[in-house]
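Enquirer: Chains as they are written, first to last, in numbering that gives the first Met the number 0: chain S, 0 to 73; chain A, 0 to 144.
Incorrect hints may have been included.
[Unchecked claim] Here are the computed lysine-lysine pairs in the BS3-like style, where the Cα-Cα straight-line distance is at most 30 Å:
#1 S/Lys63 with A/Lys8
#2 A/Lys8 with A/Lys86
#3 A/Lys5 with S/Lys46
Quick caveat, the hints were computed from the structure, so don't treat them as lab data.
So the chains spell out like this:
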Amino acid sequence: METQIASLRKERKISQEELALAVGVTRQTITSIEIGKYTASLPLAFKIAYYFGLAIEDVFDFSKCIEEMEVDNG
Amino acid sequence: MDKYKKVLKKRIVLLTALILLVVCIGIYDVFFTTETIKESFIFGFQLGASLAIGIMSVALMVYYLKILADDKKLKLQYNKENDERLKTIRAKAGMPMLFISSVCMIVIGIIAGYFNPIIFITLVIVAAVQLLIGVVIKQIYLRKL
Chain S
0 METQIASLRK ERKISQEELA LAVGVTRQTI TSIEIGKYTA SLPLAFKIAY
50 YFGLAIEDVF DFSKCIEEME VDNG
Chain A
0 MDKYKKVLKK RIVLLTALIL LVVCIGIYDV FFTTETIKES FIFGFQLGAS
50 LAIGIMSVAL MVYYLKILAD DKKLKLQYNK ENDERLKTIR AKAGMPMLFI
100 SSVCMIVIGI IAGYFNPIIF ITLVIVAAVQ LLIGVVIKQI YLRKL
């Protein structure tokens with residue numbers, strides 16, 4: 000899943016370690032989420048969005064999920 | 000974080016008990032075991048395993064004591080233990096059941112080995128292969144996720 004985490008971090012000058020410490024995960028997990036290797040759970044996605052003061056859909060790109068859902072439902 | 004501090008303190012107490020147990024086993028092995036048992040290669044394995052467990056327990060205890068003294072390290076360790084990605088990876092690698100069953104196999108193998116060395120060798124090999132598979136799967140998923 001694509002996310003805006005990396006750009007939001009750069010914009011606000013926050014390191015991966017700072018974000019990881021704030022949301023209760025390791026730095027490696029933040030890296031994995033940023034590069035799209037790992038999809039965060041709903042509570043973690045909420046924590047990250049809350050940390051940036053944004054809504055989940057402003058941080059995580061759900062367009063592929065919507066496309067998949069539309070294809071599945073015909 | 001206070002709850003986690005209590006958890007670490009409990010772990011330190013358990014490790015201290017384990018170290019004392021290993022010391023007792025060591026004293027029994029050195030001073031009270033018969034020469035016939037001492038000649039067995041299983042006795043050597045048991046002594047070595049006890050020593051390794053003792054050293055690892057001391058190292059872990061020192062590590063926990065250091066973490067308890069530093070709030071940032073404490074938070075980092077807490078995050079490491081509760082990280083959802085690492086939890087998923089551990090679950091995929093079959094941990095902690097694979098580790099528990101391997102330890103049980105080794106303990107049973109040591110006891111059974113005094114009666115039949117073939118059982119000891121079989122169980123230790125199975126436990127080692129099991130652990131190796133777990134480690135390999137963990138490494139694969141650490142790169143994949």
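Enquirer: A/Lys8 and A/Lys86 were given as a pair; does the straight-line alpha-carbon distance stay at or below 30 Å?
Expert: holds (22 Å)
Enquirer: Please work out if S/Lys63 and A/Lys8 have their alpha carbons no farther apart than 30 Å.
Expert: violated (46 Å)
Enquirer: Mind checking the alpha carbons of A/Lys5 and S/Lys46 for me, to see if they're no more than 30 Å apart?
Expert: The hint holds at about 25 Å.
The earlier numbered hint that this structure contradicts is number 1, and it is the only one.
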